[in-house]
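J.: Protein sequences, first through last, are from chains A and B.
Residues 23 to 354 in the working numbering are what the first sequence lists, from first letter to last.
Residues 23 to 354 in the working numbering are what the second sequence lists, from first letter to last.
Just so you know, these hints were derived from the structure itself, not from any lab.
Quick caveat: nothing in here was measured; it's all calculated off a predicted structure.
Please note: incorrect hints may appear among the correct ones.
Below are the DSS-like pairs computed for lysine-lysine, each with C-alpha atoms no more than 25 Å apart in a straight line [claimed, not checked]:
id: 1; chain 1: A; residue 1: Lys289; chain 2: A; residue 2: Lys47
id: 2; chain 1: B; residue 1: Lys111; chain 2: A; residue 2: Lys231
id: 3; chain 1: A; residue 1: Lys99; chain 2: B; residue 2: Lys47
id: 4; chain 1: A; residue 1: Lys290; chain 2: A; residue 2: Lys231
id: 5; chain 1: B; residue 1: Lys260; chain 2: B; residue 2: Lys159
id: 6; chain 1: A; residue 1: Lys44; chain 2: A; residue 2: Lys99
id: 7; chain 1: B; residue 1: Lys231; chain 2: B; residue 2: Lys51
id: 8; chain 1: A; residue 1: Lys289; chain 2: A; residue 2: Lys231
id: 9; chain 1: A; residue 1: Lys44; chain 2: B; residue 2: Lys99
id: 10; chain 1: B; residue 1: Lys260; chain 2: B; residue 2: Lys231
id: 11; chain 1: B; residue 1: Lys231; chain 2: A; residue 2: Lys111
id: 12; chain 1: B; residue 1: Lys44; chain 2: A; residue 2: Lys99
id: 13; chain 1: A; residue 1: Lys44; chain 2: A; residue 2: Lys260
id: 14; chain 1: A; residue 1: Lys99; chain 2: A; residue 2: Lys47
id: 15; chain 1: A; residue 1: Lys231; chain 2: A; residue 2: Lys260
id: 16; chain 1: A; residue 1: Lys47; chain 2: B; residue 2: Lys99
id: 17; chain 1: B; residue 1: Lys47; chain 2: B; residue 2: Lys290
id: 18; chain 1: A; residue 1: Lys289; chain 2: A; residue 2: Lys260
Chain by chain, the residues:
2 protein chains.
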Amino acid sequence: MPQLRRDPIVGRWIVIDSDHPKEPKDFPKEDQTPSHAAVCPFCPQRESRTPPELDAVRPNGSGPNTSDWQIRTIPNKFPALVHEEPMEKEGIGMFDVISGYGAHEVVIETPDHNRQMADLTIQELVLVLNQYQRRYKALASDARLKYIVIFKNFGPSAGATIEHSHSQVIALPMVPKTVLEEIEGAEHYHLSHGACVFCTMLAQEYQDKDRLISENNSFVSFCPFVPRYAFETWMMPKAHQAHFADLNEQGVHDLASGLLDTLNRIKKCLSNPSYNFYLHTSPINYGRPNCYHWHIEIIPKLTRSIGFEWGTGLHIVPTFPNEAARYLRDAR
Amino acid sequence: MPQLRRDPIVGRWIVIDSDHPKEPKDFPKEDQTPSHAAVCPFCPQRESRTPPELDAVRPNGSGPNTSDWQIRTIPNKFPALVHEEPMEKEGIGMFDVISGYGAHEVVIETPDHNRQMADLTIQELVLVLNQYQRRYKALASDARLKYIVIFKNFGPSAGATIEHSHSQVIALPMVPKTVLEEIEGAEHYHLSHGACVFCTMLAQEYQDKDRLISENNSFVSFCPFVPRYAFETWMMPKAHQAHFADLNEQGVHDLASGLLDTLNRIKKCLSNPSYNFYLHTSPINYGRPNCYHWHIEIIPKLTRSIGFEWGTGLHIVPTFPNEAARYLRDAR
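Extracted from the complex, chain A is given alone in its bound form (with noise of 0.2 Å):
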């Protein structure tokens, strides 16, 4: 029968469909193959109908904006946010408002029109997390800004309207609501049971074992107890960290093995979905205490939507993680 969840971080709870129960192959199959956009605005030899780079990789030492790059990162061309204005801040009423002072960046994660994330080789995908960790801590010199997330949409489903591989850097003046509450929860947790709660959670993923998808020395891959999503998975350093801009360079490539790993098997599993995931860290410019415990998110895009959660905020979820973490697991 159904089973409602608890979320112990946030207090949300969730629904397991355990009536109509989805296996990998009940959901609906999307066709990735890229379209090879004649006009591809990521591709090399088209650096000039993006604004300039902000940063790059380009191991044969060549210029700014030239062809000759690994990865690039570019300001977005429609963002939703920018950096050149004063910050404001007003009442009208009895509504907040501040100008919207922030930063919206895109990492191009490789020349390569034709290659997704998952076919990086480990050291390629070092150097995309290098990218985010050098864009992080350039944006977090600005004490203005107070969170930034970095995130990525896989395929036309996730939000994808270029199909060359890339991710985005948000940089904001606040702390968005979602990240907010699992900081907040953390910290209740922290202040209520002496411990962080997602180390707790860990300890109860290693007792139970059967959620568990795939670990490494300082990462490990698991399907939450309490999803939003069918197969939504977690990738989470084993020792506790609060911030992702102190990943030490072994952590960085166990990152990238892990990451590298999971999303392969997502893809083999789930018939290359499309997905969108998450890096969830602690706030920047920010006195507050280093209880939360950073780690990546990632929801592949399966179910349409029956409008409910948007509304309510309840998720109807189809597949119970423990068997979506088996078949992850036996994807390989």
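Position chain B against the provided structure of chain A, taking the given hints into account.
T.: Quick look at chain B alone, frame taken from chain A:
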């Protein structure tokens, strides 16, 4: 430049992307022409293809599950929650689990496959709203249930899988997260300001005027100052009322009249878009104060998500609500 706005009820920040403002003509159009599937299970003569009806409007006194009906309420054939099971609670390590006790029903709003809700007459929509209230009261008599959500998906982008016009009713043993946040926000505002936050918002809407769409004796439609989606529209009783079930006969008539007016403005202005609506009301079987103010939230499905709000809760909205309201005021 972009503007960050903070919702005064739940504290959610959103971004208005004013650098790339979207008008009705800028959104992709969707074809809602009914395909009139030969096997629509909601059409008359196919009553045996649905579970036995729970309630119906049968003006000619026909028997249950025969074909001469005007409105028909049935259990969802694939319910997310089931009514028959005993409710059990347990703790699994750090997690809370309850068996999925509840109800999931479908209100078929018209026997005519080719008529949308916006095509109904006021009197026909009054019967639909009466049916909502009857099911609401019937389900509320079960003391184990704590919340009832009435919602509608219209069109494929809004998650509708059957095109024959229908709404859904879900009854839950707890209050879902998004609604609970609104209720707690309203309570907090009442304690700290001594007033209903929704009544205060309405007073500001009347003062600012430029986000109002239309009104009648009992209801007003407006585009809220802090929307999550372009052309998001709220309908609210003008007088403070905590429970939808308390709406009287005149109120039901005015709601039908106002909802038809609003849905037809959305249909005309935005080329018959897919949409969701949610009726947010107070919990049932619960001792909380009556400071919540029930209302309907209508969300036209106009934009593909950028994937960002799923992982962070920060919505990026491409249309200022006063601009949206102007288009909707002019569409009639």
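J.: Indicate, hint by hint, whether the structure satisfies it.
T.: The hints, checked one at a time:
1. Between Lys289 of chain A and Lys47 of chain A the CA atoms are separated by roughly 13 Å; this keeps the pair inside 25 Å, and the hint holds.
2. For the proposed pair Lys111 of chain B and Lys231 of chain A, the alpha carbon gap of about 23 Å is at most 25 Å, so the pair holds.
3. For the hint pairing Lys99 of chain A with Lys47 of chain B, the CA-to-CA distance comes to about 22 Å; that is within 25 Å, so the pair holds.
4. Straight-line distance between C-alpha atoms of Lys290 of chain A and Lys231 of chain A comes to about 22 Å, which keeps the hinted pair within the 25 Å bound.
5. A distance of roughly 23 Å separates the Cα atoms of Lys260 of chain B and Lys159 of chain B; the hinted pair therefore holds under the 25 Å criterion.
6. Between Lys44 of chain A and Lys99 of chain A the alpha-carbon distance is near 39 Å, which puts this suggested pair outside the 25 Å criterion.
7. Proposed proximity of Lys231 of chain B and Lys51 of chain B is contradicted: the alpha carbons are some 29 Å apart, above 25 Å.
8. For the hint pairing Lys289 of chain A with Lys231 of chain A, the CA-to-CA distance comes to about 22 Å; that is within 25 Å, so the pair holds.
9. For the suggested pair Lys44 of chain A and Lys99 of chain B, the alpha carbons sit about 16 Å apart, so the restraint of at most 25 Å is met.
10. With a C-alpha separation of about 15 Å, the suggested pairing of Lys260 of chain B with Lys231 of chain B holds against the 25 Å cut-off.
11. Proposed proximity of Lys231 of chain B and Lys111 of chain A is supported: the alpha carbons are some 23 Å apart, at most 25 Å.
12. Between the alpha carbons of Lys44 of chain B and Lys99 of chain A the distance comes to roughly 16 Å, so the proposed pair stays at or under 25 Å and holds.
13. A hinted pair counts as satisfied when its Cα atoms are at most 25 Å apart, and Lys44 of chain A with Lys260 of chain A does not qualify at roughly 30 Å.
14. For the given pair, Lys99 of chain A sits about 38 Å from Lys47 of chain A by alpha-carbon distance, which is inconsistent with the 25 Å threshold.
15. At roughly 15 Å between alpha-carbon atoms, Lys231 of chain A and Lys260 of chain A fall within 25 Å of each other, so this suggested pair holds.
16. With a C-alpha separation of about 22 Å, the suggested pair Lys47 of chain A and Lys99 of chain B falls inside the 25 Å cut-off, and the hint holds.
17. Between Lys47 of chain B and Lys290 of chain B the CA atoms are separated by roughly 12 Å; this keeps the pair inside 25 Å, and the hint holds.
18. Our distance criterion of 25 Å between C-alpha atoms is met by Lys289 of chain A and Lys260 of chain A, whose separation comes to about 24 Å.
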